[in-house]
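Just so you know, we're using my numbering here: the sequence shown kicks off at 76 and counts up by one.
No lab work stands behind these hints: they were computed from the structure. The reader is advised that the hints may include incorrect statements.
Said to hold, decoys possible - Straight-line Cα separation of at most 27 Å, DSSO-like style, residue types lysine-lysine; simulated pairs: (1) Lys259 - Lys248; (2) Lys157 - Lys223; (3) Lys195 - Lys259; (4) Lys78 - Lys259; (5) Lys252 - Lys157; (6) Lys221 - Lys269; (7) Lys223 - Lys195; (8) Lys170 - Lys252; (9) Lys217 - Lys95; (10) Lys252 - Lys269; (11) Lys252 - Lys305; (12) Lys223 - Lys269; (13) Lys78 - Lys305; (14) Lys95 - Lys305; (15) Lys221 - Lys78; (16) Lys269 - Lys248; (17) Lys195 - Lys248; (18) Lys195 - Lys305; (19) Lys217 - Lys259; (20) Lys195 - Lys170; (21) Lys170 - Lys78; (22) Lys269 - Lys170; (23) Lys157 - Lys170; (24) Lys259 - Lys170; (25) Lys259 - Lys157; (26) Lys78 - Lys95; (27) Lys252 - Lys223; (28) Lys248 - Lys217; (29) Lys217 - Lys170; (30) Lys157 - Lys195; (31) Lys223 - Lys78; (32) Lys195 - Lys252; (33) Lys248 - Lys170; (34) Lys78 - Lys195.
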Amino acid sequence: VGKSTVTANLAAALSSLNYKIGVLDADVYGFSIPRILGVNGAPTTIDNHIVPLRRENIQVISIGFFLDENQPVIWRGPMLHKAINQFINDTLWDKLDFLLIDLPPGTGDISITISQALPKAELLVVTTPQPVASHTAGRVAKMAEKTKLSVLGVIENMSYYESNGQREYIFGKDGGKELARFLKVPFIGEIPIKTEIREAADNGTPIALSDNTDLAGYYMNIARSIANMKR
């Protein structure tokens, strides 16, 4: 559904609004935050604490800094729990306004670990516009119940494709709004299908940091909404 691209661009947008941002890439099976944000290298340590890497005002930590991008991660629950806890508790984060955590799909061990380490964290659901019906909505509700985390809102990615001024709803329409209604949470915004967004992510420069104000604006509007919700 493009959750990592959304996470990276939200981090960039919030940073552009002068918030201090941390990004924790907790999708250990499919880590892509370092590539999307254009951050690479090996973090240093100070007194057994990890120093996050930076992209402008964004602090980043990812399992991808310690592994080759093509190297599979085959870890069981205890190892995942230890790694995520270390990223949260043993990282020298500067004072942050927001810590964005890119979770893997599903409701597994990592989500539970996050909820235990950060019980006041909130879930931001990224979905696509296909009719979500009860299956997807039920999974999100189950995750919220299982982790005891509240859902902040819903973002719909790949909402439509625009051609010659006409919107084409390739994957259906209003699935994100339907999910938000089911969960009784705000629908925060939608992001269209744009080749430029993918190309920017592949090149390590999130579109939210680019001079393309139209495309950056989608993420900026969502970032402002989230910032206003947390005031």
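Structure-based check of each hint:
1. Lys259 - Lys248: holds (19 Å)
2. Lys157 - Lys223: Holds, because 20 Å separates the two Cα atoms, which is no more than 27 Å.
3. Lys195 - Lys259: holds (19 Å)
4. Lys78 - Lys259: OK: Lys78 and Lys259 at ~21 Å, within 27 Å.
5. Lys252 - Lys157: violated (36 Å)
6. Lys221 - Lys269: violated (35 Å)
7. Lys223 - Lys195: holds (9 Å)
8. Lys170 - Lys252: violated (34 Å)
9. Lys217 - Lys95: Between Lys217 and Lys95 the Cα gap is close to 31 Å, so the pair fails against 27 Å, i.e. violated.
10. Lys252 - Lys269: The given pair, whose Cα atoms are some 20 Å apart, holds under the 27 Å limit.
11. Lys252 - Lys305: Distance ~21 Å between Lys252 and Lys305 Cα, so the pair holds.
12. Lys223 - Lys269: Judged against 27 Å, a Cα distance of about 35 Å means the pair is violated.
13. Lys78 - Lys305: Holds, because 21 Å separates the two Cα atoms, which is no more than 27 Å.
14. Lys95 - Lys305: With Cα atoms ~14 Å apart, Lys95 and Lys305 stay inside 27 Å; holds.
15. Lys221 - Lys78: holds (21 Å)
16. Lys269 - Lys248: Between Lys269 and Lys248 the Cα gap is close to 17 Å, so the pair holds against 27 Å.
17. Lys195 - Lys248: violated (32 Å)
18. Lys195 - Lys305: Cα-Cα ~12 Å, so holds.
19. Lys217 - Lys259: With a Cα-Cα distance of about 14 Å, the restraint between Lys217 and Lys259 holds, given a limit of 27 Å.
20. Lys195 - Lys170: Roughly 17 Å between the alpha carbons, so the hint for Lys195 and Lys170 holds.
21. Lys170 - Lys78: holds (25 Å)
22. Lys269 - Lys170: violated (34 Å)
23. Lys157 - Lys170: holds (23 Å)
24. Lys259 - Lys170: violated (32 Å)
25. Lys259 - Lys157: This hinted pair is violated, its Cα atoms lying about 34 Å apart.
26. Lys78 - Lys95: With a Cα-Cα distance of about 21 Å, the restraint between Lys78 and Lys95 holds, given a limit of 27 Å.
27. Lys252 - Lys223: Measuring from Cα to Cα gives roughly 23 Å; hence the hint holds.
28. Lys248 - Lys217: Status holds; Cα separation ~24 Å.
29. Lys217 - Lys170: Violated - the C-alpha atoms of Lys170 and Lys217 are around 32 Å apart, more than 27 Å.
30. Lys157 - Lys195: holds (20 Å)
31. Lys223 - Lys78: Holds, because 21 Å separates the two Cα atoms, which is no more than 27 Å.
32. Lys195 - Lys252: holds (25 Å)
33. Lys248 - Lys170: violated (40 Å)
34. Lys78 - Lys195: holds (21 Å)
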